[in-house]
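As a plain string of letters, each chain reads:
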Amino acid sequence: MSVVVPSLLKITFLLTIILGLVPVLIWVERKGSAFIQDRTGPNRASIAGIRLAGLVHPIADVLKLMFKEDFRPEGSHKFLYALAPFLVFFIALLTYAVIPFGDFIEIAGVQYNLIVADLDIGILYVLAIASLGTYGVVMGGWASNNKYAFLGALRSTSQMISYEISMGLAIMGIMMIFSSLRLSEIAAGQGDLIWGFLPKWGVVVQPIGAILFIVAVFAETNRNPFDLPEGESELVSGYHLEYSSLKFALFFMAEYCNMVIGAALITTLFFGGWNIPWLSRDVIVSNVGIVMPIQLGLQFLLATIIALLFFMRAKREKNKFGDNRDREPVFMGVIATLSAAGVVVALGATPWTLGPNAASIYATLLQVGAFVCKVVFFCWVFIWVRWTLPRFRYDQLMSLGWKVMLPLGLANLVVTAIWLALV
Amino acid sequence: MEAVLFYLFGALLLGGAIAAMTSRSAVAAAVWLIFAFVNAAGIYALLSAPVLAILQILIYAGAIMVLFLFVVMMLQGPTLKSELKSIGDRKWWLPVGAILVALLNWMRGVNLEGFINDAPAGFGEIKGVAELLLNKYMITFEMISLVLLVAIIGAVALASNKKGMPW
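Residue numbers (the working numbering), protein chains in the order written: chain A, 1 to 423; chain B, 1001 to 1167.
These are computed hints drawn from the structure, not numbers from a lab. Everything numeric in this text was worked out from a predicted model, so none of it was measured. Keep in mind that a hint or two might mislead.
Not the full set, but computed from the structure, chain A residues with beta-carbon under 8 Å of chain B [claimed, not checked]:
no. : residue
1   : F90
2   : A128
3   : T134
Now the in silico label distances, taken between C-beta atoms and shown as ranges [stated by the list, open to error]:
no. : chain 1 : residue 1 : chain 2 : residue 2 : range
4   : A       : V110      : B       : L1146     : 47 to 53 Å
5   : B       : L1047     : A       : T388      : 45 to 51 Å
6   : A       : V404      : B       : I1059     : 23 to 29 Å
7   : B       : L1148     : A       : V404      : 18 to 24 Å
8   : B       : L1005     : A       : L15       : 35 to 41 Å
9   : B       : V1096     : A       : A117      : 37 to 43 Å
10  : B       : G1015     : A       : V345      : 55 to 61 Å
11  : B       : I1059     : A       : V415      : 23 to 29 Å
12  : B       : M1021     : A       : Y394      : 32 to 38 Å
Cβ atoms here follow ideal geometry from the backbone N, Cα and C, with glycine treated the same way.
Given only the sequences and the hints, what does the whole structure look like? Please build it.
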């Protein structure tokens, strides 16, 4: 039982973060693309006239998808057609088991590692699950009995096989430097400093590996500029062309889950995982009286500025629409004010005087917060890149994978090996 | 717990293998084979060989079967029924099965002293496997990589557009 309950809590935490991020990311994608393309973006769905800049749209999308007809094309393979979306989603969620989202949390004298399964071969597990990820796409494309969907499935297979190799080679450099395949050890190892000031992040010690890995992750998640399996301009929408209703929703959600997992992997392997640069756990615990007021103060400042901006907008755009939309800035401003007031209450309670145990838990929370912030940032990078770069042509994709990334990855590996042998 | 998992994986593995043999659609057979491979990986993991389990998924279920599916799917659409008879229709499966059962029965009597030991600490983990591969079996290991290199060079030579060799 001492394993089951903490594991269940950890799994619940991860699932909440991932599944909670998915609708937000869909909103950010639509709103972000609108921002990049200088449009307004979704803003029509509303609850009682409050539109929240399109944040209501994910709810409307889910309702729409739930009540759509669950269509199955004629001549499709019944079983595999139904299985494919579940498989894609299942495999997308599997990888989170080995990702450390924090160091450890100490409750009542017991230390719990903040990772669901601290496997000795965590990296291999990630690669193995990633290699299974293509099956859902392939089955969905084939079972739909549609030429476009099938072409999408074929493209996805060859793309994933090609970029898995560069992904593995990029990870191998990290593996050699931290001499471990355990993701928690790799994350912990990135908390050190080189020459006393430079954080030993993967991106610092393995810059080429980091670039290769990020590109390979983009290809593995089928995101632009590598979204040829979908390629709407050529294949309508590729492997999930024939899917409707919640089966399509599963494909769609799996794409965003894969994005979050990609961001989490980039963070863990190359951007320090849960480490906050120059603020190790010891530093936080011994200086909690300084760190905590600063953190709360910054939070207060941020909330106040946001509240002020909303109230100024409310004053400036008074009666602009003549309906409930005019109340939106005030609504948002009140929320920001409330959060600022919450921070003031927290400051008044002086939680940094509670002793070392509370300080340790606070350090853990800060680290988990740092991890989530990094993951959210890389999710934004995924969206940013998608709406900035055009799609590759298929032969360009293959020649990039095999003629550029593979030799670069091998060279990086050799250089790393020589460097490690000399130092 | 371990016994329950063993029988669960074993039953699923056997079921997957039987379904792979008897299904008429080649694609369905390949999918069942993947299912069987994943369950075999589960059994490896129970036998304290986690590295082998992961490599089974990574290489067999992940890489090799993708190529299988890649080819098989292009040959056959989802509606097409194979002209081939199912293995259940064949007459020779009875004697073959009988021989197999007899072999298994004979194996029960084999003295396994010296084969079955408790696994030493660290057995089957990545470090132990690496030490075996790069110390004791290093020559073999390098020779296998040479074989693979020859295969790669051969593939490049065959795929090259130019007449003759690519260099």
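Going through the hints against the structure:
| no. | hint | in the structure |
| --- | --- | --- |
| 1 | F90 | violated, 12 Å |
| 2 | A128 | holds, 4 Å |
| 3 | T134 | holds, 6 Å |
| 4 | V110(A) to L1146(B): 47 to 53 Å | holds, 52 Å |
| 5 | L1047(B) to T388(A): 45 to 51 Å | holds, 49 Å |
| 6 | V404(A) to I1059(B): 23 to 29 Å | holds, 25 Å |
| 7 | L1148(B) to V404(A): 18 to 24 Å | holds, 22 Å |
| 8 | L1005(B) to L15(A): 35 to 41 Å | violated, 24 Å |
| 9 | V1096(B) to A117(A): 37 to 43 Å | holds, 42 Å |
| 10 | G1015(B) to V345(A): 55 to 61 Å | holds, 59 Å |
| 11 | I1059(B) to V415(A): 23 to 29 Å | holds, 27 Å |
| 12 | M1021(B) to Y394(A): 32 to 38 Å | holds, 36 Å |
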